[in-house]
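Top to bottom, those sequences are chains A and B.
Position 177, counted from 1, in the first sequence is what the numbering used here calls 177; the numbers after and before it change by one each time, with no gaps.
If you want the numbering used here, it's the position in the second sequence, counting the first as 1, plus 1000.
The set of hints was computed from the structure by calculation and includes no laboratory data.
Note that CB positions come from ideal geometry on N, CA and C, so glycine has one too.
Just to be clear, a hint being listed does not mean it is correct.
As the list claims (entries may be wrong) - Below 25 Å or equal to it, Euclidean Cα-Cα: the simulated DSS-like pairs (lysine-lysine) are:
#1 A/157 - B/1027
#2 A/43 - B/1072
#3 A/281 - B/1010
#4 B/1058 - A/198
As the list claims (entries may be wrong) - Each pair of labels, with its calculated beta carbon distance range:
#5 A/320 - B/1003: 48 to 58 Å
#6 A/316 - B/1011: 28 to 38 Å
#7 A/254 - B/1011: 32 to 42 Å
#8 A/318 - B/1030: 24 to 34 Å
#9 B/1056 - A/47: 58 to 68 Å
#10 B/1058 - A/106: 23 to 33 Å
#11 A/190 - B/1030: 30 to 40 Å
#12 A/29 - B/1064: 38 to 48 Å
#13 A/282 - B/1071: 13 to 23 Å
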Amino acid sequence: MALLSFDQVGILGMAAAVPAQTIRNREYTEFFAAEDVAEIVDKTGIEERRFAPAGMCASDLVFAAAEKLIADLTIDKEEIDLLVFVSQTPDYRMPATSVLLQDRLGLSKQTMAFDLSLGCSAFVYALSVVYSLVHSGQIRKALLLDGETRSRVYHPKDRRVAFLFGDGGVAALIEKNPKFGKSYFSLNSDGSRGDLIKIKAGGYRYPSSAETVQERVVDEHGNISTDEHGAMNGADVFNFVIQEIPSDIKRILTAAETEKDAIDYFVFHQANAFMNGYLAKKLKLPLEKVPSCIREFGNTSSVSIPLTIVSQLQGQMDGSTKMLLSGFGVGMSWASCVMDFEGCWISDLVEV
Amino acid sequence: MDQKFLDLIKEALEIEDREPQMEDAFKEYNEWDSLSQLTLIAELDDQFGVTVTSDELKGIITLQELLDQVKKAQG
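Extracted from the complex, chain B is given alone in its bound form (with noise of 0.2 Å):
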């Protein structure tokens, strides 16, 4: 599940020159913007099922927490 996470952040944030780590503060990222984030939310809800609320990723930093609320949200 982590590299197909990894894979959909890639993919969805269109990051062309590296890979993601689970560490990384992707708020951070030049690529992360408010379009970013709806291809983000559409890929979360497409390929895991969840959705992640504007308040939720308020106290989300990392990929890796990022990560753990989808698997929460899944339950």
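Next up, chain A with everything else stripped away, as it sits in the complex (with noise of 0.2 Å):
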């Protein structure tokens, strides 16, 4: 059972970008009826998400969430000690988007940089890494950057995952501090669920070829799709989400031997919103803590926790805050966390 605890390390303050160009589900049209699109929209609550212009990677979202918060914190980059990128949508299959980020954040090449490459636990899992890190070494500022173009790993004529998903980039500064108390972080895998959610080709196990980008009727319904693109069992993601979600919420919380009334802030990933009720539901959570960020911004993968805090949080989280996070999705993997938030300075919002 993966449990640990960290002390003294924190969360210094977040910032996150998105691009300014808005799809708006509703009007998303093309190669559906609105009917249709309308009822999906109902479905899973998600309005509008960003998309990224072509040429706009994560790392471009990631860096001008960075410069935002280095800026509004007026940190000395030369602190910066480690930066940690995590996306399952870098730059280039070689080298590490994190190396080239050090780089173009005129950060010093003492900088221990390094990619991390997991869906929409990885937040969470990349937050217990940079502690952990924190927590033992003689890191002063730490960089956590996670940043997702997921509206490009999806096909617009698959209507079981067209109208989920949208781009995003967000920053976290994170360090050692005795202002920090305690956090803790349980940690999961099932890679037997791997077929879920999954991105066949492209990779070196079916490598790229004239066959993998052929468009083809995928199912019964007549979606369409190609081997380069995502491919989602939705109802089994959902099994999965209340087979597994609430148990590790319960071994969290008993892990931080604290209590669900406790928490001030439960912040899921954004899936839909149709799943995060369910779940919220099936946790008895009052609605008024569970921020949600789903509707403006859809499925933004490793980013929508993060997002959802900055763009619902600022503002309420004056003093000592206690939060609960979980991610969960393609592995499948989960992670979940509880933690005080100190003090956590949040960026307005930026748009790129």
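Mind docking these for me? Both chains are given alone in their own frames, and the hints should help you get the complex.
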């Protein structure tokens, strides 16, 4: 059982950047009838999403967020000793995007930099890794950058996924400081369900070829996709979430020796309003403690938890705020954590 | 339990003009699609405490068979 805990490490501040280009789902009707789209929007609660224009990468979004955060907090870049970039939509297959961002952000060559590839669980996973490194070493400040251009991952002619995903990037500055208390993490994986969300081609098991880019009908409903695009079994993802996440929440609350009522905010991965609504109901959580940005940004994979914090909780976390974060998805991979935010700075949302 | 189950089906699939019957091949209903399937999953979890996977659902044709699966899952 991967239960970790740290002391005196915490988040100084957070910033987020989204593309200015806004897609209104009810008007996103090039391939599907407006009434079918409306039914999907009603169910998923996703009214709008942000799409990165051609040429804009996840790294560009996190770069904008990082510059904003560093400027707002007047951080000396020399003090940043660790940079972790979290994404499944990197700039290149190699080199790692984190290393390119070290140079782009003007960080020292003594910066430890690496990428971490997970999906919707990744922000919590990466926090645990960053906390561990900061906790154990001589790292003065760590920059956790998490960006996704998931809008490009799914085929617009596959109605099961065409209306769900959006783009965004976030930055979080983490440091060791006696003002921070204990943090607790529960980290999990289940590769037996690896097929539930998958892009089959483009890696080394199924390299890209003329066949993998061919559009074809992929199900009995006439949805069209290619092997280069993401496929998702929504029903079984939902089954996974209701089987695994409530028990993981219980596990992390027990590990943190706290109770549901003591948590100020439960920030879940923003999958869709139906799934998140049912999860909150199953856990019997009061809705005012469960912030959401699914309506305006859709599912942004690993970005969704920090994007919810930045876009919904600015000005609402004065002093000490007890947070429970829980991410779950592709892998399947899921992670939860409990920690107190101590006067965490939240920058204004950046549009790129 | 049978009536509770049929009520659940009617509500989950938003059937308004008729009463679902145990022998119905429910996946042929107009109301059945991937969205209503999500509601069905949630209601089965909420009211009966069971999950029915896509694979299990593939082999199921009638509501009676679905109810049998629910009972089996409940143990």
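Outcome of the hint check:
This hinted pair checks out: residue 157 of chain A and residue 1027 of chain B have alpha carbons roughly 23 Å apart, not beyond 25 Å. For the given pair, residue 43 of chain A sits about 30 Å from residue 1072 of chain B by alpha-carbon distance, which is inconsistent with the 25 Å threshold. Restraint check for residue 281 of chain A and residue 1010 of chain B: the C-alpha separation of about 21 Å stays at or below 25 Å, so the hint holds. Proximity of residue 1058 of chain B to residue 198 of chain A is assessed by CA-CA distance (about 21 Å); at most 25 Å being required, the pair is judged to hold.
For residue 320 of chain A and residue 1003 of chain B, the hinted distance range of 48 to 58 Å is satisfied, since their beta carbons lie about 51 Å from each other. The hinted range of 28 to 38 Å is satisfied by residue 316 of chain A and residue 1011 of chain B, whose Cβ atoms lie roughly 36 Å apart. A C-beta distance of roughly 35 Å is found between residue 254 of chain A and residue 1011 of chain B, which places it inside the suggested range of 32 to 42 Å. Restraint check, residue 318 of chain A to residue 1030 of chain B: a C-beta distance of roughly 52 Å breaks the suggested window 24 to 34 Å.
At roughly 34 Å, the beta-carbon separation of residue 1056 of chain B and residue 47 of chain A lies outside the given 58 to 68 Å, and the hint is violated. Between residue 1058 of chain B and residue 106 of chain A the beta carbons are some 55 Å apart, a value that contradicts the proposed interval 23 to 33 Å. Range check, residue 190 of chain A to residue 1030 of chain B: about 35 Å between beta-carbon atoms, so the 30 to 40 Å window is met. The hinted window of 38 to 48 Å between residue 29 of chain A and residue 1064 of chain B holds, with their beta carbons roughly 39 Å apart.
For residue 282 of chain A paired with residue 1071 of chain B, a C-beta distance near 22 Å keeps the hint of 13 to 23 Å intact.
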